[in-house]
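Got chain G; can you put chain B on it based on the hints?
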Amino acid sequence: MTRTIETVKGSNKAVGNRLAGNVAIFAFLLILGLFMLFPIYLMVIMSIKPVHELFIFPPKLYVIDPTLDNFRDMFQTLSEMWVPFSRYVFNSVFVTICVTVAQCVFASMAAFVLAKCKIPGGSFLNKLIVTSLLYQSNVIYIMQYIVMARLHMINTYWALILPSVASPMCLFLMRQSMSTVPDAMIEAAKVDGANMFTICWKIVMPNQKPALMTMIIFAFQAAWNIQGGTLVYNEALKTLPTVVAQAGSAGLARMGVAAAGAIFMLVPPILIFMLAQKNVIETMAHSGIKD
Amino acid sequence: MESAQIGQRSKAEERRMLWLQVKQNKECYLMMAPFMLIFLVFTIIPVVMSLPMGFTDFDMVQLPKFVGLSNYTTLFLNDTIFIQSIRVTLVFAIFTGPLSYILCFLLAWLINELHPKLKTIFTLIFYAPSMANVYISWQLIFSGDTYGYLNALLLNLGLITSPIQWLTDSNYILGAVIVVQLWISLGAGFLALRAGFQNIDRSMYEAGAIEGIKNRWQELLYITIPSMGPQLMFAAVMQIVSSFTAGTVAQTLVGFPSTDYKAHTIMTHAYDYGWVRYEMGYASAICMILFVVMLLCNKLISKLLSNFMD
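For the protein sequence lines, the chains are G and B, in the order given. At position 206 of the first sequence the residue is numbered 206 (our numbering), and the sequence of numbers has no breaks. Numbering-wise, our numbering comes out as the position in the second sequence, counting from 1, plus 291.
Worth double-checking, as some hints may not be accurate.
[Unchecked claim] Calculated cross-link-like contacts (lysine-lysine; reagent style BS3-like; alpha-carbon spacing at most 27 Å):
#	chain 1	residue 1	chain 2	residue 2
1	B	K302	G	K118
2	G	K116	B	K314
3	B	K505	B	K408
4	B	K590	G	K116
These are computed hints drawn from the structure, not numbers from a lab.
Chain G extracted, bound-state conformation (with noise of 0.2 Å):
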């Protein structure tokens, strides 16, 4: 009797330290995160003051007059361009869908079959992948051009598509946590008669919802942010982050429309953001994969 008594006292404590624990946890994360919002938190108080507020002494961490003159500004400045603003926009946004979906689909397959079939060529292919995100070089962006002038590719959708789906990073990623997943399990449905596609895309990529949607993020991210350079040319090609850059880029007086316009485009990739990890988070409550 005593006994049972002292193992749930012991087991009160340590419950008692795991909450303890958890709150020191989170006064540790709140007052970094603090640290780490700050200059995000500058940008968005720079957005919306106004000019005659750029110059008091000492700069105050919150805005008197608040405003909406910067974003207005900026989008008056967008829809005052040669090509209409909804084509930027269109641009950007199919550009994106395009590289996320192709990469994401794409790059999962291969991914699978690199972490989990031995076939022939597989090491090679492995090491390939990772050795190749270590090269960088500014001579690549030449010649990469010079194999899309080749194919024809130059000042056409294509030109800022696939250079992004050929991106190995995604891949890297789906590959480390795939080769998690058990043998057994795929030898299971293998003997139940399931083929690799159906392996692949019904028992493996259900279990590898957080790197999914990880890679999702970062696919989106990538795919947001693609400029074309010298690739294209057609001003109606462009996409939203060269024309965004424009209209914020004349000196100090358009700084504030300048943070307007990074926040305009930080809006989309938070909101994926917030989708993705909401889903990874649901759905890893109730599943799991056992060996």
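Frame of chain G; chain B shown alone:
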């Protein structure tokens, strides 16, 4: 002679076996095909085409001219700014690499201990800098006049009497850039680790509790880390890439070139020769050296990690 070959397959037989294996796994190759095709055309071919450029003189107008090792000898013997850029890159990598790797792991783990709703919020808070516009956020803080937030704070506290040019004074440039780099460093590696933590089966912790695991330190050490190997490796590669190739952050913030080349990384040097002077052969040689350094670093870290995991 005959007996020596028993049990050994001839070359032709080996090739036939390989072909058989390839045929058996036809489905696998088909599944890889879409990605690998695009990857080959838009990444591998450009990379392979760029590899020999370091041995040439190439100005993008005329065809590349073979010059042997002269780019490399010039780099190491006559280019003092390159030597300076190596130093800057190493300082940068040492300060930002390991520190942000540890931060990524620590924060991903601490967030994982919280309530699900808080998880999303904190993950967003720490990842947001990687999505935000670095230049605009930090220009306001580091601005060299009295309207910069950092200067205003220090002036108000009486710590300084005149504003400091954080982004152009050669004493502060590197420090400022390192701070900013650390701020954006909770990026791909951090999110991948968060995903890794999410993927760990909760029942493993329950089983661990029955087997006598008492607190979260032991959970971390005996259950979490051993099942996170692949994600840790991914984060390490990402960290190597971001800390060695950093340059754009510095360039947008402190201008190009920075005062006294104080924030001049190897990547910035390559940018200088490639896109400013159009000496692509030379720029290519610079990138090649960086690539070799990163490969060695990757080898070292994967060795360390695999030792640690076992």
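Here's how the hints hold up against the structure:
no.	hint	verdict
1	B/K302 x G/K118	holds, 21 Å
2	G/K116 x B/K314	holds, 17 Å
3	B/K505 x B/K408	holds, 26 Å
4	B/K590 x G/K116	holds, 23 Å
Hint check: no violations occur; every hint is consistent with the structure.
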